[in-house]
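J.: Start from the sequences, fold in the hints, and give me the full structure.
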Amino acid sequence: MLGNCLENVREKSPLVHNITNYVTVNDVANALLACGGSPIMSDEPCDVEDITSICGGLNINIGTLNKNSIEGMFIAGKKSNELGHVVLLDPVGAGASKLRTDTAIKLMNEIKFDIIRGNISEIKTLSLGYGTTKGVDADEADTVTKENLDKMIDFAKGFSKKTSSIIAITGAIDLVADSEKCYVIYNGVPQMSRITGTGCQLSSVATAFAIANPLDKLKAVAAAVCMMGLAGEIGYKNLKVGEGNSTLRNRIIDAIYNMDADSLNKGAKYEVR
Amino acid sequence: MLGNCLENVREKSPLVHNITNYVTVNDVANALLACGGSPIMSDEPCDVEDITSICGGLNINIGTLNKNSIEGMFIAGKKSNELGHVVLLDPVGAGASKLRTDTAIKLMNEIKFDIIRGNISEIKTLSLGYGTTKGVDADEADTVTKENLDKMIDFAKGFSKKTSSIIAITGAIDLVADSEKCYVIYNGVPQMSRITGTGCQLSSVATAFAIANPLDKLKAVAAAVCMMGLAGEIGYKNLKVGEGNSTLRNRIIDAIYNMDADSLNKGAKYEVR
Amino acid sequence: MLGNCLENVREKSPLVHNITNYVTVNDVANALLACGGSPIMSDEPCDVEDITSICGGLNINIGTLNKNSIEGMFIAGKKSNELGHVVLLDPVGAGASKLRTDTAIKLMNEIKFDIIRGNISEIKTLSLGYGTTKGVDADEADTVTKENLDKMIDFAKGFSKKTSSIIAITGAIDLVADSEKCYVIYNGVPQMSRITGTGCQLSSVATAFAIANPLDKLKAVAAAVCMMGLAGEIGYKNLKVGEGNSTLRNRIIDAIYNMDADSLNKGAKYEVR
Chain L
-13 MLGNCLENVR EKSPLVHNIT NYVTVNDVAN ALLACGGSPI MSDEPCDVED
37 ITSICGGLNI NIGTLNKNSI EGMFIAGKKS NELGHVVLLD PVGAGASKLR
87 TDTAIKLMNE IKFDIIRGNI SEIKTLSLGY GTTKGVDADE ADTVTKENLD
137 KMIDFAKGFS KKTSSIIAIT GAIDLVADSE KCYVIYNGVP QMSRITGTGC
187 QLSSVATAFA IANPLDKLKA VAAAVCMMGL AGEIGYKNLK VGEGNSTLRN
237 RIIDAIYNMD ADSLNKGAKY EVR
Chain X
-13 MLGNCLENVR EKSPLVHNIT NYVTVNDVAN ALLACGGSPI MSDEPCDVED
37 ITSICGGLNI NIGTLNKNSI EGMFIAGKKS NELGHVVLLD PVGAGASKLR
87 TDTAIKLMNE IKFDIIRGNI SEIKTLSLGY GTTKGVDADE ADTVTKENLD
137 KMIDFAKGFS KKTSSIIAIT GAIDLVADSE KCYVIYNGVP QMSRITGTGC
187 QLSSVATAFA IANPLDKLKA VAAAVCMMGL AGEIGYKNLK VGEGNSTLRN
237 RIIDAIYNMD ADSLNKGAKY EVR
Chain V
-13 MLGNCLENVR EKSPLVHNIT NYVTVNDVAN ALLACGGSPI MSDEPCDVED
37 ITSICGGLNI NIGTLNKNSI EGMFIAGKKS NELGHVVLLD PVGAGASKLR
87 TDTAIKLMNE IKFDIIRGNI SEIKTLSLGY GTTKGVDADE ADTVTKENLD
137 KMIDFAKGFS KKTSSIIAIT GAIDLVADSE KCYVIYNGVP QMSRITGTGC
187 QLSSVATAFA IANPLDKLKA VAAAVCMMGL AGEIGYKNLK VGEGNSTLRN
237 RIIDAIYNMD ADSLNKGAKY EVR
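Going line by line, the protein sequences match chains L, X and V.
The first sequence: position 108 = 94 (my numbering), numbered continuously.
The second sequence: position 254 = 240 (my numbering), numbered continuously.
The third sequence: position 40 = 26 (my numbering), numbered continuously.
Hints in this document: simulated from the structure, not taken from any laboratory.
Identical copies go unnamed one by one, so any copy, or any two together, can satisfy a pair.
In silico DSSO-like links for lysine-lysine, alpha-carbon gap of 30 Å or less: (1) Lys203 with Lys92; (2) Lys(-2) with Lys132; (3) Lys167 with Lys98; (4) Lys223 with Lys205; (5) Lys53 with Lys84; (6) Lys137 with Lys147; (7) Lys84 with Lys(-2); (8) Lys64 with Lys92; (9) Lys65 with Lys84; (10) Lys226 with Lys(-2).
T.: Right, here's the structure in full:
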């Protein structure tokens, strides 16, 4: 059962260092607070070593990268590796520009990531070393479906083996895999794609889950993914006539805030393959 | 009828590159998603050429400009011009500082803008080459009113002729003009001025409308302005006792999300002069 | 009675220059608008002198400082001092990194602050010249409680005397002190700590209150602190089943928007010591 992973987050209140984009950063902070974690943001190269040292883990998101913050990502990542902290990469827009693709790949080469979380187009880009995506959203041609599920699970496991990272590919169906085991997750609603930032929130929350559950990080990340999707379902169900994506955004964070182990256990829809 | 302009946005889902301020960027992304567009944000000079190339248009907003992002604006703008993309300028705070005024004017000199959208003080600053405004809000002395409407329409048309851009001046009464034709728009509620970012949202949404309606960009921008004002009316009408500007902010984006061609046609209040 | 301080803000609509972090900046702007102030954000060194000159005061928040914005803070602070404007320091994360601690202390050495507002760990760091805090939240060991209240009031008054600044220490119990007088404030709910940004909002709002009430800035800051806490109480009371920290965030700003002098007078819980 995944619920105890959430309980551990609420009990340990892990502090997460986020180097993340300025588009969704406020929602990232509030989602992290909602699940019981604690956020700190810092991207300045002169600041990140100290900040990451007092945290339990680091979430690197390249959504609005710039020269200065890229330098911060490498310094913070290396320091976190030294300290044995959890480190997650969210390669936002990898495939959409050379800078994003190259930065993500260089980060993978120089830093050991416990977790890499992205949409399928971003993850494919990392695996191929190049890519073209439609902006920050996944190409439809790449989507994980019931039809290509076996193949995609093999891809996720293979990429996990190659990188020694837990691979989380999120979309209509989510995959969370290490080299041998893959959680296939069916939570979530399509309306979540009309809100910016649920992926960014998930990356930060998944970092907190991995910090608080060091003995089974794979399960912890799967729990975070289920929780986010389930929060989307609850948020969507609670929408009233006239409400739309902005209110849904709030209700998803509210649903995380009100989630407990029991409701996560009951609502999680997944199989292990 | 303006409703079909919205239908075209929903059908084509234009990808808009935003170089915009960090104050309102999240609302910009959600408003764009709400109307059927798709956002990507990037301001790093090394990143913007690639990013803008995969988009249909570019929204440049100088609200929290810095040396690095200014460089990004010029690179992205020139690339967009080369590619024949829609380009919009939102000169936030032009007139409030030399850097903002000079940057906006230099952008106008070096980049061809399809659309310039601002409040009256900002647009006057661009037209005069200098200005003083009270922060990022329009000076009351400058406001478009029923009394000075003829004069202001002439000003908008004249400035459009001079710049070869569609000029959108937003306030209590909004003007959307090319050199010959001016939409005078009466949608909106005064309470929108107690929320940050409705102007920034409109600039991004107007870019999406112009991309999706290439044969009549003037009408497209007018449709975006009507839609934003109408969303303000709907959002304000839906406010309950005890709710204020923060909830209004959410309800406006929700109202865009729920807007369809029919409701836009029925709710749009404008005349063509 | 503190209510007239709010009335003065609504009447004078002070323009506040904010150099603040990108995590909570949108909420800062909307909270300032909610109380009757007007926000402008600018951190670029080439821009801040002009911007701060047209404002009534400056709010410096080091929450996501970088080399460029730090330079902006010093330039804007010195210019504001020259002009006799209200200047507030919010030393977010002082104690959590050398850069933050050093920057905050250097700012205090080179700029005259009318007000310094932070949590107890941040303020202790400034008073000692060094510190260690758990991220951006206060250490529990440091909290102001009924048991240590006398000692903490003495500390706040002493630090005010040393710095010639009004010292606002916020937490479960808030202290707002000059060298001789201390407002001890009991407004607020613990759930506010599960939202990012109520402290940042308060700093900007307190700047507006001090600008609009030049003859008694101490009382003005106390009024701002009471109002923020009272807004938290109202927002929390209005939460419905299933709502959480994201909705609470909105309701707090809404409560500020709807606050009037009378409700502030009735709801403020404080004693003067």
